[in-house]
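Colleague: Chain by chain, the residues:
2 protein chains.
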Amino acid sequence: MLLDELLKELEFKLDFPFTTKSLERIIIALNTTNDFWEIVDYSDEPLPLVAEVLKLLEKKELLKISSNIKLTKKGKNTFAALGSFSWKNIKCQTCQGRTISIRHYKKLLDKFADIQKDRPSPKIEYDQGYITPESLFAKIAFADAKGDLRNKNILILGDDDLLSIALGLTKLPFNITVLEIDSRLIDFISTTSAKYNLSIEVHQKDLSEPLQKELLNRFDTFFTDPSETIAAFNAFIGRGVSSLKKNGGSGYFGLTHREASLYKWSKLQHFILEMNAVITDIIYNFQDYVNWGYEKDMRAFQLSPIKTIPQNNWYRSCLYRIETLPRFKGFNLPLLNHDLFNDSESSTT
Amino acid sequence: MLLDELLKELEFKLDFPFTTKSLERIIIALNTTNDFWEIVDYSDEPLPLVAEVLKLLEKKELLKISSNIKLTKKGKNTFAALGSFSWKNIKCQTCQGRTISIRHYKKLLDKFADIQKDRPSPKIEYDQGYITPESLFAKIAFADAKGDLRNKNILILGDDDLLSIALGLTKLPFNITVLEIDSRLIDFISTTSAKYNLSIEVHQKDLSEPLQKELLNRFDTFFTDPSETIAAFNAFIGRGVSSLKKNGGSGYFGLTHREASLYKWSKLQHFILEMNAVITDIIYNFQDYVNWGYEKDMRAFQLSPIKTIPQNNWYRSCLYRIETLPRFKGFNLPLLNHDLFNDSESSTT
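So the sequences go chain by chain: A and B. For what it's worth, the working numbering labels the leading residue of the first sequence as 262, then goes sequentially. For what it's worth, the working numbering labels the leading residue of the second sequence as 262, then goes sequentially.
Source of the hints: derived by calculation from the structure; they are not laboratory data. Given the structure is predicted, the values throughout are model-derived calculations rather than measurements. Incorrect hints may appear among the rest.
Each pair may be met inside one copy or between any two copies, as identical chains are not told apart.
[Claimed, not checked] Subject to a maximum C-alpha distance of 30 angstroms in a straight line, what follows is the list of computed DSS-like cross-link-like pairs (lysine-lysine):
(1) 331 - 432
(2) 466 - 506
(3) 320 - 367
(4) 335 - 506
Please model the entire structure based on the sequences and the hints provided.
Modeller: What follows is the structure in structure tokens.
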């Protein structure tokens with residue numbers, strides 16, 4: 262079968278495993294749209310794989326790449342049975358597929374939208390990029406519904422999303438602590454916290470180094486959004502779990518398909534279970550990212566067969582919630598000489 | 262702290278581990294409602310644990326159980342800081358928290374609702390109980406959006422939900438095969454399939470026995486809804502994975518909190534990863550169950566401190582989607598002398 266042949270030709274070009282189902286998804290995306298960034302978005306496959314598949318299909322005259330990306334007549338006939346994605350049309354338009362309503366946060370959302378106007382722009386150096394205010398408040402509403410916010414001690418590991426400010430505005434948590442490497446964000450959060458009386462505690466911190474003792478076993482809930490490398494999962498999620506109170510707690514983080522194959526997803530899931538935590542929720546594309554401005558400098562742009570920057574939001578991540586079981590154990594070793602931000606599946610760095 | 266003390270007193274009464282977070286959730290539910298079935302529903306804790314916690318709180322004069330279940334003044338003061346659940350109010354009312362819209366299935370939903378009027382009633386013998394038609398079509402829409410239905414070979418392991426009929430009506434799959442133990446359901450599905458020309462293939466099958474060779478490595482997508490025991494996870498999900506084509510596929514199943522602690526959730530997640538599959542989605546309370554009629558005969562009713570049958574739907578399950586990775590391996594050994602339906606966390610059996 263054709264897909265099996267394609268798989269064999271591709272296997273040696275990429276150093277992570279994937280299946281014909283990955284190829285199918287990319288082809289179904291090609292049946293759905295002609296825009297490169299949307300193909301990546303809809304297919305839910307790592308961008309470097311998408312780029313390789315497109316090259317191969319072009320070589321086989323199943324695809325034509327010019328000002329856009331289109332299956333040839335031969336391609337269309339070959340792949341007609343796979344159909345197109347209905348996702349675009351059936352995602353709930355009220356909650357945007359996030360399961361919860363943020364109506365009651367309307368006022369705070371407006372206030373936040375106003376406050377964040379002067380936020381520091383994302384820096385490629387730290388693989389930054391922030392989620393939309395709607396995604397942010399949906400995450401807050403979701404965590405509140407799970408009983409993870411009210412009168413709780415909250416830790417945020419890396420906060421380019423400015424979650425601390427949004428959480429502070431809700432007045433729900435008992436206290437909020439932020440660990441952040443970027444002094445621009447530290448200044449912005451501290452200044453805003455003082456101005457609006459949000460009492461957010463901010464520490465400068467490089468998370469490749471272990472958490473200081475005072476932060477261990479102190480929090481009820483942590484939030485983080487690691488880069489999609491194993492080192493970053495250790496540094497952000499592993500330390501997050503280390504920060505939880507001995508009698509347990511919960512953690513939230515995003516994981517994208519754009520820069521993480523399902524093989525990497527499974528590695529992360531192994532890591533979570535090894536810590537004796539359990540995954541309670543994975544909500545598809547809960548977090549939409551605002552296009553971050555350094556598109557032309559990233560590997561994704563080099564890999565794209567067409568050199569146009571994305572017109573719409575295309576980068577999304579799924580929301581994970583995890584919870585600890587008795588005798589859980591986080592990860593708090595130093596990470597020496599690890600690149601937190603890059604591996605063969607990354608592309609926005 | 263009080264919760265730690267409660268935990269110590271409870272640990273020896275139940276043979277599965279849990280944390281103070283479990284107790285918190287039950288107390289937050291008590292801050293939210295006075296109805297036993299709603300307390301179980303909102304807390305997302307196994308019913309036997311909820312029942313034990315209520316007994317203990319009553320003993321400590323923190324709770325009063327009469328015609329309903331209420332925190333005493335002392336209880337209210339003690340637990341005020343935990344707050345109440347906002348879930349009830351913030352669940353998206355358009356999609357009921359299921360992430361997708363089923364508007365375009367309106368006609369088929371009506372047709373299905375009509376067809377299923379004469380369905381066999383659920384049997385306690387097989388731990389049956391079926392999801393609402395809305396949940397059923399939402400699952401279909403979701404699976405279609407993932408590219409798992411169109412022109413695919415579908416296997417359904419156990420079909421008291423009548424998913425095969427609903428799927429048949431959509432005309433999306435290439436073929437649909439059902440394995441079912443209950444001859445009443447086999448008759449109903451076969452007759453309906455013939456009447457509406459749905460070409461569903463139905464086999465009588467006890468899933469404690471291995472799948473026959475012809476069914477191995479043949480399907481693209483499987484659906485199942487196991488009882489919440491490890492043996493049933495093996496029999497239903499493990500065999501489902503065995504049925505998938507060698508180049509991979511996906512599987513869907515529900516998992517409830519009502520009869521499965523997070524400890525059992527983690528055991529299931531270990532099992533999935535051991536097969537070299539990965540969890541791609543877990544959507545909270547995606548499936549609502551219709552109250553099944555044998556409420557008074559189930560263990561849950563014995564455990565309930567108030568002998569009223571549930572007035573509203575209270576039994577829900579979260580929707581899991583899994584996908585296989587290269588070199589996955591299902592489970593297809595015989596299960597001798599295993600009770601598929603009962604363990605210490607079950608209560609609707």
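Colleague: Would you mind marking each hint as holding or not holding in the structure?
Modeller: Against the structure, the hints:
Only between protomers do residue 331 and residue 432 lie at most 30 angstroms apart by alpha-carbon distance; the minimum there is 28 angstroms, versus 50 angstroms within a single protomer. Only within a single protomer do residue 466 and residue 506 lie at most 30 angstroms apart by alpha-carbon distance; the minimum there is 20 angstroms, versus 48 angstroms between protomers. In this assembly of identical chains, residue 320 and residue 367 lie within 30 angstroms of each other by CA distance neither inside one copy nor across copies; the values are 51 angstroms within and 43 angstroms between. Proximity of residue 335 and residue 506 under a CA criterion of 30 angstroms is satisfied inter-copy only: 26 angstroms between copies versus 59 angstroms inside one chain copy.
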